[in-house]
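Peer 1: Given next are the chains, with one letter for each unit.
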Amino acid sequence: SQQGEEDPQALSIQEGENATMNCSYKTSINNLQWYRQNSGRGLVHLILIRSNEREKHSGRLRVTLDTSKKSSSLLITASRAADTASYFCATDATGANNLFFGTGTRLTVIP
Amino acid sequence: EAQVTQNPRYLITVTGKKLTVTCSQNMNHEYMSWYRQDPGLGLRQIYYSMNVEVTDKGDVPEGYKVSRKEKRNFPLILESPSPNQTSLYFCASSALYRDEKLFFGSGTQLSVL
Numbered sequence: 001s002q003q004g005e006e007d008p009q010a011l012s013i014q015e016g017e018n019a020t021m022n023c024s025y026k027t028s029i030n031n032l033q034w035y036r037q038n039s040g041r042g043l044v045h046l047i048l049i050r051s052n053e054r055e056k057h058s059g060r061l062r063v064t065l066d067t068s069k070k071s072s073s074l075l076i077t078a079s080r081a082a083d084t085a086s087y088f089c090a091t092d093a094t095g096a097n098n099l100f101f102g103t104g105t106r107l108t109v110i111p
Numbered sequence: 112e113a114q115v116t117q118n119p120r121y122l123i124t125v126t127g128k129k130l131t132v133t134c135s136q137n138m139n140h141e142y143m144s145w146y147r148q149d150p151g152l153g154l155r156q157i158y159y160s161m162n163v164e165v166t167d168k169g170d171v172p173e174g175y176k177v178s179r180k181e182k183r184n185f186p187l188i189l190e191s192p193s194p195n196q197t198s199l200y201f202c203a204s205s206a207l208y209r210d211e212k213l214f215f216g217s218g219t220q221l222s223v224l
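Residue numbers (this note's numbering), protein chains in the order written: chain A, 1 to 111; chain B, 112 to 224.
Heads up, a few of these hints could be off.
To be verified - In silico DSS-like links for lysine-lysine, alpha-carbon gap of 27 Å or less:
1) 212(B) with 26(A)
2) 69(A) with 212(B)
3) 182(B) with 168(B)
4) 69(A) with 56(A)
5) 26(A) with 69(A)
6) 182(B) with 212(B)
7) 168(B) with 26(A)
8) 176(B) with 212(B)
9) 212(B) with 70(A)
10) 70(A) with 26(A)
11) 56(A) with 212(B)
12) 180(B) with 129(B)
I should point out that these hints are in silico values taken from the structure, not numbers from a laboratory.
Model the full structure from these sequences, guided by the hints.
Peer 2: This is the structure we're talking about:
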């Protein structure tokens, strides 16, 4: 399967701390995307990083991509209770016609 | 407001009773897709469409049908639902396929008894 694997499966932190989630994948990619899902609702796009990029920022989000290790990380700085959600990576694999989603990391931010 | 609209939000049905979940987007997107989400399995693609009259199978197409007669609509049809199709379903769209973010609908929670 080309599906990404997020690590850890669940993460619980205090408000104000940083949260780091990792994603590993198996094949070469064109880009990798991160999405957020609030409890049973639709996913919301957070950030897209292309295969020739190594790092990208958006507000409190920082994404890194290491294509040699086939891995990516999502860092959320100064977390807030409202960041509580599940986070998914999705890979646009070379030669494929669809995005492959991982199983997600469930983040809980304790006020 | 740009959005992907799915209906219904919740659906309970019985085995074998045909049903349709509708999906509509108002962004003139070419690419549309259906996913199902199950605990521990993440999101798996059922079918996708690159444009009108162009559809293709995803990872788990068995038991599902789709059609794309108009650019804005992409209904998901279950001809004879079975309990293993109980799941949370999402429709998504993007302007083009590559290098584009997906916009997701709010989801349809389907229970097949």
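Peer 1: Of the numbered hints stated previously, which ones are contradicted by the structure, given in increasing order?
Peer 2: none
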